[in-house]
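2 protein chains.
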Amino acid sequence: MAPDTPLVVPEINPGDVKKHHGIIANPNCSTIIMAMAVWPLHRMNPVRRIVVSTYQSASGAGAAAMEELRTQTADHLAGREVVPRVFPHPVAFNLFSHNTPIGPDGYNTEEKKMIEETRKIFHSPSIAIAPTCIRVPVLRAHSESINLTFERPITPQEVRSILSKASGVTVVDDVEANRFPMPVDASGQDDVLVGRIRQDVSQLDGRGIELFACGDQLRKGAALNAIQILELLTTP
Amino acid sequence: MAPDTPLVVPEINPGDVKKHHGIIANPNCSTIIMAMAVWPLHRMNPVRRIVVSTYQSASGAGAAAMEELRTQTADHLAGREVVPRVFPHPVAFNLFSHNTPIGPDGYNTEEKKMIEETRKIFHSPSIAIAPTCIRVPVLRAHSESINLTFERPITPQEVRSILSKASGVTVVDDVEANRFPMPVDASGQDDVLVGRIRQDVSQLDGRGIELFACGDQLRKGAALNAIQILELLTTP
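Protein sequences, first through last, are from chains A and B. Take 1 as the starting number for the first sequence in our numbering and just add one per residue. Take 1 as the starting number for the second sequence in our numbering and just add one per residue.
With the rest of the complex left out, here is chain A:
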């Protein structure tokens, strides 16, 4: 992909759609889900650092990968040998580091995309991001554990208030019922679900927030975002 190819998430950088030279790219699905949760906050109080760990479903690797998860799981339950074909490692009742190539800095391609694409979409080349991308035996929808450091102090109440008004985000944060974003609830939804919103107890200056997000990367992470880009392009 050419370095000047625009990556567009319509809720975040709609104006970038005009910068294209024939090609507009859909950002990586893990990047989109994180960006949807973080952007509304970043607009109000710049995010300086993100530590993110992903829980990526099989569907991110396509229909054959989803079928492999189903088949391998059935084989495992029946006591048959599990033979990986699409993924390099067993996926049934297992998890593994994202199987993209790893660079000399120790980060894999999926993790590098989360860094570079977020910086590009946010127009924030200096935002510090530490991603760990992990594949889990979930059929559909990616989840992400996100630890944020802001420029200025911020409270969970402010975060909840900002996210509850954000387009494309639904806050699911029911402490009483212990109900937070889950892949089964995110699957088939256009919105990215965000919850577990709390002040990070490890950052004593009040600039830390932790949250957990879940989004259907077949919807907002791929098809829906592409349709929204097309709508932007065709709207006069």
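It should be emphasised that the hints constitute simulated quantities derived from the structure, not laboratory data. Please read these numbers as outputs of a predicted model, since none were measured by experiment. Don't take every hint at face value.
The list makes no distinction among identical chains, and a pair is therefore deemed to hold if it is satisfied within one copy or across any two copies.
In silico DSBU-like cross-links for lysine-lysine, where the CA-CA straight-line distance does not exceed 35 angstroms [to be verified]:
{"#": "1", "residue 1": "K165", "residue 2": "K120"}
{"#": "2", "residue 1": "K113", "residue 2": "K165"}
{"#": "3", "residue 1": "K113", "residue 2": "K19"}
{"#": "4", "residue 1": "K18", "residue 2": "K112"}
{"#": "5", "residue 1": "K112", "residue 2": "K165"}
{"#": "6", "residue 1": "K120", "residue 2": "K19"}
{"#": "7", "residue 1": "K18", "residue 2": "K120"}
{"#": "8", "residue 1": "K165", "residue 2": "K18"}
Fit chain B to the known structure of chain A by using the hints.
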């Protein structure tokens, strides 16, 4: 548990076994797995902050929970309705925030244990820890994505060298083969597996390290650790 009840991980704080007043506690399994990976480094260069996200298996909740994961998964594959009984949410091909009660600070009991027990075992009351505990549809062995900030700069080479000599730890960090710690490899093992060792690109002062650990919480997280405590108690 009384506040002066010792929590012992024999590789880390064997001397604490003598402080008991009739009771010695086995630490929480998520705590033990993180402590095994971090302690050898903390001894050489004090850890100031830990951001950790867990990928906890069903076995941490007992045999009935493992059976529920198997049964629900078979039901899901057969197109039957999935009915949660042991866990409050569906576990087949899904994941959810650890279902322990959540305090006014937004952290659940499992996360609080990871903070308080680590501080106690390390004798480091000020170490800053930001945990997120998540249950995943894995039968056995817990995984943890761990982001560390040290007092002084440290390199991945140093980390690898220290951990490769540490008792109870095996380094699994094959970048060429894209092979890192996985629950299927950790299951039934006494050692905690550690890999994805890399300099954290989000900490420009060289004090950041990222790693991924995996340990069988039925072995090191429970039975093995308890036996090792007994051995310490009965050794003259």
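Tested hints:
1. K165 with K120: within (24 angstroms within a copy, 41 angstroms between copies)
2. K113 with K165: Classified as both; 28 angstroms inside a copy, 34 angstroms across copies.
3. K113 with K19: within (20 angstroms within a copy, 50 angstroms between copies)
4. K18 with K112: within (25 angstroms within a copy, 48 angstroms between copies)
5. K112 with K165: both (30 angstroms within a copy, 31 angstroms between copies)
6. K120 with K19: So K120 and K19 pass the 35 angstroms test inside one copy only (13 angstroms; across, 55 angstroms).
7. K18 with K120: within (15 angstroms within a copy, 56 angstroms between copies)
8. K165 with K18: within (26 angstroms within a copy, 56 angstroms between copies)
In summary, this structure violates none of the numbered hints.
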